[in-house]
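So the sequences go chain by chain: H and S.
Throughout the first sequence, residue numbering follows my numbering, covering 736 to 961 in sequence.
Throughout the second sequence, residue numbering follows my numbering, covering 736 to 961 in sequence.
No wet-lab data here; the hints were simulated from the structure.
Given the structure is predicted, the values throughout are model-derived calculations rather than measurements.
This list has only true hints and no planted wrong ones.
Below, in silico cross-link-like pairs of lysine-lysine (BS3-like), each with a Cα-Cα straight-line distance of 30 Å or less:
hint : chain 1 : residue 1 : chain 2 : residue 2
1    : S       : Lys905    : H       : Lys887
2    : S       : Lys737    : S       : Lys781
3    : S       : Lys887    : H       : Lys905
4    : H       : Lys781    : H       : Lys905
5    : H       : Lys737    : H       : Lys905
6    : S       : Lys781    : S       : Lys905
Number of protein chains: 2
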Amino acid sequence: MKAVVLLSGGLDSSTVLYQATSDGCECYAISFDYQQRHQRELEAAKAIAHSAGVVEHQLVNFDLNAWGGSALTDEALDIPTQRSLGEMSQNIPITYVPARNTIFLSFALAYAEARDAGRVYLGVNALDYSGYPDCRPDYIQAMQEVFRLGTKQGREGDAIAIVTPLIELKKTEIIQLGNQLVVPWEQTWSCYAGNETACGVCDACRLRLAAFAELGLQDPLPYAQI
Amino acid sequence: MKAVVLLSGGLDSSTVLYQATSDGCECYAISFDYQQRHQRELEAAKAIAHSAGVVEHQLVNFDLNAWGGSALTDEALDIPTQRSLGEMSQNIPITYVPARNTIFLSFALAYAEARDAGRVYLGVNALDYSGYPDCRPDYIQAMQEVFRLGTKQGREGDAIAIVTPLIELKKTEIIQLGNQLVVPWEQTWSCYAGNETACGVCDACRLRLAAFAELGLQDPLPYAQI
Chain H
736 MKAVVLLSGG
746 LDSSTVLYQA
756 TSDGCECYAI
766 SFDYQQRHQR
776 ELEAAKAIAH
786 SAGVVEHQLV
796 NFDLNAWGGS
806 ALTDEALDIP
816 TQRSLGEMSQ
826 NIPITYVPAR
836 NTIFLSFALA
846 YAEARDAGRV
856 YLGVNALDYS
866 GYPDCRPDYI
876 QAMQEVFRLG
886 TKQGREGDAI
896 AIVTPLIELK
906 KTEIIQLGNQ
916 LVVPWEQTWS
926 CYAGNETACG
936 VCDACRLRLA
946 AFAELGLQDP
956 LPYAQI
Chain S
736 MKAVVLLSGG
746 LDSSTVLYQA
756 TSDGCECYAI
766 SFDYQQRHQR
776 ELEAAKAIAH
786 SAGVVEHQLV
796 NFDLNAWGGS
806 ALTDEALDIP
816 TQRSLGEMSQ
826 NIPITYVPAR
836 NTIFLSFALA
846 YAEARDAGRV
856 YLGVNALDYS
866 GYPDCRPDYI
876 QAMQEVFRLG
886 TKQGREGDAI
896 AIVTPLIELK
906 KTEIIQLGNQ
916 LVVPWEQTWS
926 CYAGNETACG
936 VCDACRLRLA
946 AFAELGLQDP
956 LPYAQI
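So here's chain H without its partners, still in its complex pose (with noise of 0.2 Å):
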């Protein structure tokens, strides 16, 4: 079966590609540029997509800095670096992006029409969906509905399906399913600030290395400061 796959270049998503190989899709992954800060990801991305051997990697471009709104567009806002894990997750942060995923599941929606696949592979997790309400299971069984309705296949009584393998998964979780995918954790890229080198301190960075270390395992990424 033929699956789109959004791929960020991150640790999650990366993970999620290598499940759909495992799963014996043939994938499509896409990808977004959405000038965010953080463009080494997308570079990441490539790589994650040429290791994983997919058929084929797009890349979408749009603009979201014209109305602004969040940390991870506007320049004006400055990325958090310290909060603790339990404030990243208790509340919606500041790097939300309006709408994001709800725009990038329509945009993976119409690739999936338009190449015949069967699946959309999204890496949302239950970490990420107490904070953001984009990545809350009950958001995506509407997304679900919109891919029913809102195709002809799905008309037709044959809808896309949205599949998210991390969806009930922790950070360290993921990290082990990955280890038993053999993800090329070097390759990926979680970082906000957009250095050449991961920079060790900023949410992403704390939250990824604090999953390795609980599960007492080195990070194979270079960071600037751990």
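Chain H is fixed; fit chain S onto it per the hints.
Relative to the frame of chain H, chain S by itself:
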């Protein structure tokens, strides 16, 4: 109340913009340049947005050519001109762009959230929804759930509402509504052919001309052939 209005520059979305203004909304128009053949439509959108006195008009650029699949974006497919009006409303037409309304509504949602708007206006109508899966009321309802569950406001009980004033109207009824609202028809654009003057023979021109004729009215837009 602030409202985001999806504005293509066509007859339907222009009527919707005037309806939103008439409903007392401060309007934020959003248009899309997705490398559609009819760039001329975007010029119409700018003119109409100006005439209606919108607060702001955002143009979002993205490229759906990359994966093809629609006559509107794929240079290899011909624009249909020979179908009967009956055929147009029965089948999903070749001008269907995969997931187009889902992508449009996703960006509108992001924009509405960034501007703290309470409504998103969309010009889908009865004639379209028999042909396009993503114009039907059950699809709009599914997107409404996505708006509710995929945003901060929605999670706090204050979901952005999708408003579709034309959904039960035929083309003739839309023209009657537009006449009441004094929509400047000569500034709107429906033609698929992409020339400086509307062709008069593509599906979009013929639908529009037939509706004006049925009402015994003259479409003020000049046509190459009628």
